[in-house]
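Novice: Letter by letter, the chains look like this.
4 protein chains.
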Amino acid sequence: MIKIGIYGASGYTGQECLRLLLRHSGVEVVAITSRRYAGLPIADVYPVFSGLTSLSFMDASPQEVTELADVIFLALPHSESMKVAPLFWESGKKVVDLSADYRLRDIAVYESWYGKHASPHLVPEAVYGIPELYREEVAKTRFVANPGCYPTSVILGMAPALKNKLIDPASVIVDSKSGTSGAGREPQVGSLFCEVNEAFKAYKVGSHRHTPEIEQELSRLAGEEMNISFTPHLLPIDRGILSTIYATLTREVTSAELSEIYRDFYAGERFVRICRPGTFPNVAFVRGSNYCDIGTAVDPRTHRLIVVSAIDNLVKGAAGQAIQNMNILCGFPEDMGLEMIALFP
Amino acid sequence: MIKIGIYGASGYTGQECLRLLLRHSGVEVVAITSRRYAGLPIADVYPVFSGLTSLSFMDASPQEVTELADVIFLALPHSESMKVAPLFWESGKKVVDLSADYRLRDIAVYESWYGKHASPHLVPEAVYGIPELYREEVAKTRFVANPGCYPTSVILGMAPALKNKLIDPASVIVDSKSGTSGAGREPQVGSLFCEVNEAFKAYKVGSHRHTPEIEQELSRLAGEEMNISFTPHLLPIDRGILSTIYATLTREVTSAELSEIYRDFYAGERFVRICRPGTFPNVAFVRGSNYCDIGTAVDPRTHRLIVVSAIDNLVKGAAGQAIQNMNILCGFPEDMGLEMIALFP
Amino acid sequence: MIKIGIYGASGYTGQECLRLLLRHSGVEVVAITSRRYAGLPIADVYPVFSGLTSLSFMDASPQEVTELADVIFLALPHSESMKVAPLFWESGKKVVDLSADYRLRDIAVYESWYGKHASPHLVPEAVYGIPELYREEVAKTRFVANPGCYPTSVILGMAPALKNKLIDPASVIVDSKSGTSGAGREPQVGSLFCEVNEAFKAYKVGSHRHTPEIEQELSRLAGEEMNISFTPHLLPIDRGILSTIYATLTREVTSAELSEIYRDFYAGERFVRICRPGTFPNVAFVRGSNYCDIGTAVDPRTHRLIVVSAIDNLVKGAAGQAIQNMNILCGFPEDMGLEMIALFP
Amino acid sequence: MIKIGIYGASGYTGQECLRLLLRHSGVEVVAITSRRYAGLPIADVYPVFSGLTSLSFMDASPQEVTELADVIFLALPHSESMKVAPLFWESGKKVVDLSADYRLRDIAVYESWYGKHASPHLVPEAVYGIPELYREEVAKTRFVANPGCYPTSVILGMAPALKNKLIDPASVIVDSKSGTSGAGREPQVGSLFCEVNEAFKAYKVGSHRHTPEIEQELSRLAGEEMNISFTPHLLPIDRGILSTIYATLTREVTSAELSEIYRDFYAGERFVRICRPGTFPNVAFVRGSNYCDIGTAVDPRTHRLIVVSAIDNLVKGAAGQAIQNMNILCGFPEDMGLEMIALFP
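Protein chains in written order, with numbering that gives the first Met the number 0: chain G, 0 to 344; chain E, 0 to 344; chain R, 0 to 344; chain V, 0 to 344.
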């Protein structure tokens, strides 16, 4: 049994890691940390765990956790992760960092969007963990920068088109919509039920921090520098991201051919499902699962491609993908512990 | 007192017309029709009206209604409206048609999206009723084609940019999201609570019937033929449409200038509100009101304009705009009966 | 024009008072206060007010407000209201207090549920403002203790049965369910979207502070001391309280007779609607309106009466009833500014 | 591998059975039937199953299904089940019937609530399948009447109190609230998103068909005939039932003692969790899991016991309990395939 520590386990992402890991037959969670809830059983903070685990939150140092665990999930906010990650790294243990701190390779870009980086020396060690694209790199590292939720939905949605040079890289427009769990569990007016329910808005228009992450990864796929338009919106649902992506085609392609290209690209992938031609994803059909569902269309009237991709932001967009990466790091089957069928309705 | 008939009053749009008209001090609703509910008090079908009106649904012919009413609202499904509209027209009464049947001026276009038109001769009589753009035309007609909900949000959002030649007409991408009342009250699996709640999807990608209506009206504003990409999505909320619109700028403009251009364009308009620079609309802030809120931004990195517009699909997107048109037709102040402040939360 | 001040206007209740008062033709709101948002236009904090008012929050003392206003609404949390209410009282102005601080006549009871009272001398001056029951008393006072939301739904639901001695006072069980706006706008984990949405729970079982208020008022109606069981629950909706009330009948009565008794009791009341026999209220049918809808049934198998009552907690349960009381205080028609038809859907 | 057929698999309950059975390591689903969707892959009707099963709906006779399967789940509406169940029974195969048709032992009672019974001779063969109470009987039968969703929540909530003679059987009042999936997938106005969302109502007051089922089972536990008051309500959530139950105590008991009595009663039960004293269940904490969470309190002021119980209506209230029964029938560990941790948020 591989021993797991979750550092910063009191948020929605941390508890989701625990929820999945408790049902993973190859691992045992030995430590969960939280300063705020130190000493409290997690079942008191998240009653879903009643009767299922006796784990309590610890206020433990990285050193204490590395003494207990073989693999550490960092489920901290950005700017916090970069303060402790070096200590985990130096212990020689395997690390999956769910924060944004090691995703951007260009420190200057990171600092212009997030502020001063506390451990830039560690950035080159991190592998950007989208297994469908970088499985081999993940297998060779012991430090994974787990992708952001919006970026996961966009990168998986765009990879086949970019790799196949189907679209003009300058033409990409990403209109994304996220469920509210993406905003975390920190109390703030904007996340209150009465502010989100029966509401819908765009936010951080032109200024969301996932923009450079998406651009970095799409540029890598395109083989050239890309700028995109990216507009996130807040959905009155708990879980789910749906990204609707528009781009100008570089050559004639039918909807059927396009679908085939996508199907080929992801052939054999356990966690990407290409919708039947003419059908499109719904976040409800991936809720609680590790799937990324993708639907595609060609709009011949405007010579554009339209891609719609859907994930559960807490699973494929966070904890599930982190476990997928852990499985690769540890030599487990990649889908181990990730067999969940979406909960519908 | 002007006497009003609502022909086809049993759907969400029809009852919304009634809700607003009952509080309009210049009119009296004298007839509401429904085949299905004939004879039933509307308060039995929509208990919000208990104690507020003794109106019952009639199964009345157009002739019977025109004998009672001075102005008729047609709140029928498309393809139904065109069968009875000529009878209302010939009576010499004023008509506001909330269906799609007289919005498209080119019969061939209509028929390619909706099927055979039953009364094409009436199409040239209809004025497309967006008062902010065509107030004078509305004042001169007695037959208004009340705009669709998606088109209203897009046309008002794009008019200042197109009229000012700020954008490349070929570059317009419209990503719209609508609350579920837009789907009407006809029972179908796709509108069930458990299918819509906690769900989000794109639908009719590249094939929604509001596309030609939007294109017709944007072309008119641009002074040239335009094709757009239009993707509607279904929101798990009752009311509200938010359209996020992207287009490539034809010249340098700052966000501040852009906001000013929009503000100037709609100066004096009672029902269009331009958000302060840096802020964007939320459907929750127009719920139950006749406002169209518009936020704008320039994305200098991609040389694009981003416009976000929000309306209540049942009010400014249907019944409210219909009454705004009726007010013009009847010589009432344009905002009479439309003073509602949005219900929040 | 009567001049109005809203003291503590930044919460959901305060803004709801403003929303309604801006459309009341007999008054003008001249001051709204908030320490936190002092100096900010309310339209920046609640964009529903954009273009509708130029009011900004003031951080004003009671004295400053009484110099401007004729009637003051206190929309403060309990324990805050009692600190400033005496200053307003002594100014000679009219006051409607929306907090709990002056509702309980027995100071000892108040203090056992809420803590030390800062101005017990003012308690005897306050009239408990349910106009349907205490219209004359309200007309004679200038200080109204506006009832709580749960109590309003229960008292109106039980008054006809208690006054007619139809039920055993010891047998009353109240199972209430409230929308989340009742929890206010203060950020806390329990009010976050992801905690409330798709969730439902009982809370403060046997210990909710509205219990003594309900008991005080039901006892007054029964003419004897009563204890009740009261269990509040949290609904994943914005607005609305539905109370389901059970009590043992003291004599044989049919459902039809019961309905008639309720209808008689509230004959002529503008804001109470008795549902047709066999039908029951829905919070959706009172949303945004000042109605209390009541449905009744006799369960002959258990010899119990079942009453279901529904209100909008922010309107009849707070701001609407406050304005109804203000109308009485000021000699306006009681329904002035309260003609709203519920927003459905 | 045990072979499973699901007869009538196109509703929410049927697909939930499939969802769970696909992840049960001891069984294989070999047949799913639906007249309406005959020939269609279930993944086309419920895209959650895309890539997970190649099963298509069959329009098969009971005989055809019994030739393929060892255990049959009947997920048909009541009145349909009783027409085909005898054919399954006579085949000698094991049957779990999820309808109401074999739950009521007294045919006269059944017929007064549901209409004529088509196969009353089979009723005595059926075991009422609440494993926590009737595990041995289930183990000995091959025909299980799987309990209703409301009854499961009430019976588990009341069993310890009734068995311990803590309460007056004549005093029981059950106020239940259910998510909308309980209404099924049949399109009807009352189940539309816009009718349920932001709404809350009591329905079938005093006349819900689960009343006799609850009374039958509570009477059995009490050892005497009982009548209860039962009021169901419709919650704007997908899944979950919360029942708040009131009863008069027959003797003094503290909240702590009460909690201990409940804990003892369910000691060793895998799927019943007693909340810590002072805490109560939330449907969100059982969503997608097979748990029944129960919280208890004594209200000394009224000498009543209050019990709150929560289940997922589609899992412990239907498909999960059906599989729990199947596990017993087949000699599997009772929790096999039912290890799901609730999905939160």
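To be clear, the hints were calculated from the coordinates, so they are not data collected in a lab. On a predicted model such as this, the values are computed, not experimentally measured, just so you know. Mixed in with the good hints, there may be bad ones.
Treat identical chains as interchangeable: a pair holds within one or across any two.
Unchecked claim - Below, a list of computed lysine to any residue pairs in the SDA-like style, where the Cα atoms sit at most 25 Å apart:
1. 164 with 300
2. 2 with 52
3. 164 with 247
4. 203 with 186
5. 82 with 248
6. 164 with 131
7. 115 with 215
8. 164 with 302
9. 203 with 188
10. 164 with 122
11. 203 with 259
12. 162 with 35
13. 115 with 218
14. 92 with 123
15. 203 with 120
16. 203 with 299
17. 162 with 29
18. 115 with 338
19. 162 with 188
20. 162 with 104
21. 139 with 206
Novice: If a hint holds in the structure, say so; if it doesn't, say that too.
Specialist: Hint check:
With identical chains, the CA atoms of residue 164 and residue 300 are at most 25 Å apart both within one copy (20 Å) and between copies (22 Å). In this homomeric assembly, residue 2 and residue 52 come within 25 Å of each other (Cα to Cα) only inside a single copy, at 15 Å, whereas the closest approach across copies is 33 Å. Proximity of residue 164 and residue 247 under a CA criterion of 25 Å is satisfied in both settings, with 11 Å inside one chain copy and 22 Å between copies. Taking the closest pair of Cα atoms, residue 203 and residue 186 come within 25 Å of each other both inside a single copy (19 Å) and across two copies (21 Å).
Taking CA atoms no more than 25 Å apart as the test, residue 82 paired with residue 248 passes in neither setting, with 44 Å inside one copy and 42 Å between copies. Within a single copy, residue 164 and residue 131 get their C-alpha atoms as close as 19 Å, which meets the 25 Å cut-off; across copies the closest is 44 Å, which misses it. Proximity of residue 115 to residue 215 under the C-alpha cut-off of 25 Å is restricted to the intra-copy arrangement: shortest distance 19 Å within a copy versus 51 Å between copies. Taking identical chains as interchangeable, the C-alpha atoms of residue 164 and residue 302 lie at most 25 Å apart whether they share a chain (15 Å) or sit on different chains (23 Å).
Taking CA atoms no more than 25 Å apart as the test, residue 203 paired with residue 188 passes in both settings, with 16 Å inside one copy and 23 Å between copies. Taking the shortest alpha-carbon separations for residue 164 and residue 122, neither the intra-copy value of 29 Å nor the inter-copy value of 46 Å comes in at or below 25 Å. Taking identical chains as interchangeable, the C-alpha atoms of residue 203 and residue 259 lie at most 25 Å apart only when they sit on different chains, with a minimum of 20 Å there against 35 Å within one chain. Taking the shortest Cα distances, residue 162 and residue 35 never come within 25 Å of each other, neither inside one copy (45 Å) nor across copies (42 Å).
Taking the closest pair of Cα atoms, residue 115 and residue 218 come within 25 Å of each other only inside a single copy of the chain (24 Å); across copies the shortest separation is 48 Å, beyond that limit. Within a single copy, residue 92 and residue 123 get their C-alpha atoms as close as 17 Å, which meets the 25 Å cut-off; across copies the closest is 62 Å, which misses it. Proximity of residue 203 and residue 120 under a CA criterion of 25 Å is satisfied in neither setting, with 30 Å inside one chain copy and 49 Å between copies. Proximity of residue 203 to residue 299 under the C-alpha cut-off of 25 Å is restricted to the inter-copy arrangement: shortest distance 15 Å between copies versus 32 Å within a copy.
With identical chains, the CA atoms of residue 162 and residue 29 are never at most 25 Å apart, being 41 Å at best within one copy and 40 Å at best between copies. Taking CA atoms no more than 25 Å apart as the test, residue 115 paired with residue 338 passes in neither setting, with 39 Å inside one copy and 44 Å between copies. For a Cα distance limit of 25 Å, the shortest separation of residue 162 from residue 188 qualifies neither inside one copy, at 42 Å, nor across copies, at 38 Å. Taking the shortest alpha-carbon separations for residue 162 and residue 104, only the intra-copy value of 21 Å comes in at or below 25 Å, while the best inter-copy value is 43 Å.
For the identical chains of this complex, residue 139 and residue 206 are neighbours neither inside a copy (34 Å) nor across copies (46 Å), given an alpha-carbon limit of 25 Å.
Comparing the model with each numbered hint stated earlier shows that hints 5, 10, 12, 15, 17, 18, 19 and 21 do not hold.
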